[in-house]
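Heads up: the sequence lines are chains A, B and C, in that order.
Mapping the first sequence onto the working numbering, position 28 (from 1) lands on 132, and the numbers just tick up by one.
Mapping the second sequence onto the working numbering, position 108 (from 1) lands on 100, and the numbers just tick up by one.
Mapping the third sequence onto the working numbering, position 114 (from 1) lands on 118, and the numbers just tick up by one.
Warning: the hint list may mix true and false statements.
What the hints assert, rightly or not - Here are the simulated distance ranges between beta carbons:
(1) A/174 to C/154: 45 to 51 Å
(2) B/79 to A/287: 24 to 30 Å
(3) A/395 to B/112: 34 to 40 Å
None of these hints come from the bench; they were simulated from the model.
This one's a predicted model, so the numbers in the text were calculated from it and none came from an experiment.
C-beta: ideal position from N, C-alpha, C; glycine also.
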Amino acid sequence: MMALIEWLVAPWQWGDWMWRGMLTVHLVAIGCAVLGVFLYLRRMSLLADALAHVALPGIVAAFLVSGSLDAPIMLAGAIVVGLVSAISIETLASRPNIRSDAAIGIVFTSFFAVGVILLSTVVRDAHIDTHCLLFGDLLGVSDRAMFLVVTVVPAVLMLVVVFYRWLAVSSFDLRFASAIGIPVVAVNYGLMTAVTVTAVAGFEAVGAILVIALIIVPGATAHLLADRLITMIAWSVAHAIVSSWVGMYVAIAVNTSAAGAIVVVGGALYLAAFLFAPRHGRIVMLLRRRARRRHDITPTS
Amino acid sequence: MSEAAVTVDGVTLSYDGEPVVDDVTFSLPAATLVGVVGPNGAGKSTLIKAMVGTKKPDRGQVLLFGRPADNERGALTYVPQRGAVDWDFPITAGEVVRQGRFQSTGLLGRFGADDRKAVQKAMESVEITDLRHRQIGALSGGQQQRVFLARALAQGGELFILDEPFAGVDAATESAIVDVLRALRDSGKTVVVVHHDLMTVTDYFDRLVLLNRNLIACGPTNEVFNEDSLRDTYGGRVAIVTKSGDDARAEK
Amino acid sequence: MLANLYIERAREFFYFQYDFVAYALGASVLVGIVCGLVGTFLVLRGFSLIGDATGHATLPGVAGAFVITGVQHPVALLAGALVSGGLGALTVGVFSRGPRVRPDAAIGIVLSVFFGVGIVLLAYIQGLETGRQAGLEQFLFGNAAAITPGQFWGLVVVGAILCAAIAVFYRPLALMTFDEAYAKAMGINTMALEIGLLAALSVAVVISIQAVGVILVAAMLIIPPSTGRFLSGRLSMVILWSMVLGGLSGALGAFISYLFAGVATGPAMVLAATGFFVVALLFGPQGGVVTQSIRRRRRQASVAPGGAS
Chain A
105 MMALIEWLVA
115 PWQWGDWMWR
125 GMLTVHLVAI
135 GCAVLGVFLY
145 LRRMSLLADA
155 LAHVALPGIV
165 AAFLVSGSLD
175 APIMLAGAIV
185 VGLVSAISIE
195 TLASRPNIRS
205 DAAIGIVFTS
215 FFAVGVILLS
225 TVVRDAHIDT
235 HCLLFGDLLG
245 VSDRAMFLVV
255 TVVPAVLMLV
265 VVFYRWLAVS
275 SFDLRFASAI
285 GIPVVAVNYG
295 LMTAVTVTAV
305 AGFEAVGAIL
315 VIALIIVPGA
325 TAHLLADRLI
335 TMIAWSVAHA
345 IVSSWVGMYV
355 AIAVNTSAAG
365 AIVVVGGALY
375 LAAFLFAPRH
385 GRIVMLLRRR
395 ARRRHDITPT
405 S
Chain B
-7 MSEAAVTVDG
3 VTLSYDGEPV
13 VDDVTFSLPA
23 ATLVGVVGPN
33 GAGKSTLIKA
43 MVGTKKPDRG
53 QVLLFGRPAD
63 NERGALTYVP
73 QRGAVDWDFP
83 ITAGEVVRQG
93 RFQSTGLLGR
103 FGADDRKAVQ
113 KAMESVEITD
123 LRHRQIGALS
133 GGQQQRVFLA
143 RALAQGGELF
153 ILDEPFAGVD
163 AATESAIVDV
173 LRALRDSGKT
183 VVVVHHDLMT
193 VTDYFDRLVL
203 LNRNLIACGP
213 TNEVFNEDSL
223 RDTYGGRVAI
233 VTKSGDDARA
243 EK
Chain C
5 MLANLYIERA
15 REFFYFQYDF
25 VAYALGASVL
35 VGIVCGLVGT
45 FLVLRGFSLI
55 GDATGHATLP
65 GVAGAFVITG
75 VQHPVALLAG
85 ALVSGGLGAL
95 TVGVFSRGPR
105 VRPDAAIGIV
115 LSVFFGVGIV
125 LLAYIQGLET
135 GRQAGLEQFL
145 FGNAAAITPG
155 QFWGLVVVGA
165 ILCAAIAVFY
175 RPLALMTFDE
185 AYAKAMGINT
195 MALEIGLLAA
205 LSVAVVISIQ
215 AVGVILVAAM
225 LIIPPSTGRF
235 LSGRLSMVIL
245 WSMVLGGLSG
255 ALGAFISYLF
265 AGVATGPAMV
275 LAATGFFVVA
285 LLFGPQGGVV
295 TQSIRRRRRQ
305 ASVAPGGAS
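Let the sequences and hints guide you as you build the complete structure.
Rendered as structure tokens:
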């Protein structure tokens, strides 16, 4: 027991990086988990994938225009390009022979390709580290990255609290929402902007891929467990916190990428919920079906 | 005669430049129960959208109680088609009914005693109080429709617009819903219902709007519901052509 | 002066001055053709982004094969990619069925979690300090120029087998794509066909990742078929257009990448494909934006000759 406690405490004494990493990853994870619930329920999970990818060309474009990599400029670039891509996706998807998933695939891969090419040619000497943008560096979070996360995530969460009723109603019943005067289009783009801002804030610390996982996986897990929106958000946040903790310690123990480890733990939690969730878990459903079949047979025989 | 509850004045509505409702004009007196009837693709739902304000007419205007529809949103209560929501959504029946009060409480307004009372009364009048803690997808089709009607009742208003409320519900629920709609009319509200079943039209509605892209007829049920107007509304070839048009739109 | 450099480079490219150029070009064209073929069925079924998940899901296979074998042997790496890519595609299928799961979220989950496993393995390899992991990172964005003649001919054989298999099963595939319930009622084993299609997808992805990389392979599966939909209303013609334009994009991508230093083949191919898509989106006979508005204007002109309003 003592050994376990010692093992849990030890990393905190090795230096600043532990609490910096923990604080950053928790904030990013909670912000993503809350937004992820709404994206999931609106069947927009893959838009998170797209927005996380197009943030790269956004950041590059902002650098090309301004010549600087300051946080606000980076965010502005990502938001502008993110909104442009979201509008392109919606415009494309409104054509009869393009489904929305194809629209997402077309737009984000094209934008991403532009970003990669710009990075390897025109802005080669800007110190944008693709490796870091993709995979993050949780065990060495910079002041800048932490500052971004600490300012952006609480602001986003505040907005979710304020607009909770609008978000909830428009996610559930879009027609009713617009009939009672909720500005559904503005809510939609507001949500996308919030996702973009959170994703970009999290990039440097946790990387693009982890951001995608942190947005999609907790909400999907929570939906297997919850019957009410508020409990779904609670489960989603719980998933984010547990996978952050466990993932960080696993990463330290086996000396691997913290972002990767957190994603893997989150995926394992999803699998557990998919199989064992009390009402909608597949194993429980199987047992229930078998019990019902037996019940159906007994009276007749 | 009192002022018309709904005035549709020369309204044309189109998708991609294809008109689906063409130059339609009629008005509905207050405190009546009105059926909107027509074949698939006749533009019924589109016309409803224009009344609710979610689709802008290309030409013409919709007046509610004599004023532009945009200014009268507070007086209008809308029950969309049941199929449009997601039954897996994590929300209980009671929470759906509570949404009816969000128009008056706004974003952060307190959910007060009045609001709670309105919700409770609405649930009682369609007999779903026992179901309020159940997740919406766990209810039967008829129970779900009652929940959405309860949300409308909790919202209140002078004009109720229901888009096919009887689709996929059992007979008991259908008659329960009709009773509620009649009670609304008797208390002075105007109720507009998009309806499919011609067998029950004369029984349910005081007035009818017969629609097939153009207005075929509008007036008291016993006057306009006859063979001639039905042939004009559902006439052979037109129905088939517009149906395929409807399918093409549905695919989008 | 700069123009001369590019002309010189273009000449080198077209005369195949260097062998590796020919193989890079061949591999890129092959990628475009195979992805265009398989992608058409996916796009028409509404599974476009399953290719994205499969592409990302190959990473742990590549890294895992390196960890197990300890060498960077292309066959081992691609075999690993095939196993984990196929597993990823099947997992999307499993997670997409039943209540309380969303197919789109299933794609996102597989994509990010499998990629996460890949990152963990890559970090582990980095820790091994064998100094060889640089080769693995090429799989992220692709590097067609690194393809050896042996690999190239291997890819050609596998690609030819894949195309032949799809040609054999063309009728049931086409039927399932259009109307799954009807296909099932006709006695077609749609489940087996579905798994077969996912297997074909995995093979197509594995063929492609050396040239376009795991992150952008989805583009080659989605964009050419979407372009084809604007060019024809017949399935066979959509497939043909998709393969032709996919191949052309591959060739253009290889050319651009040779011409401009620092431009990787994968992104260049994707941009070429996007270029074709935009042209088709505007001028395609099937629902192109400009085409449609011209047609509408003509129709309105013929309906109301006076122009009443």
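Checked hints:
Between residue 174 of chain A and residue 154 of chain C, the C-beta spacing of about 49 Å keeps the proposed range 45 to 51 Å intact. Take residue 79 of chain B and residue 287 of chain A: their Cβ atoms lie about 26 Å apart, and the range 24 to 30 Å holds. Checked against the hint of 34 to 40 Å, the pair residue 395 of chain A and residue 112 of chain B passes, with Cβ atoms roughly 37 Å apart.
Every hint, counting from the list given before, is met by this structure.
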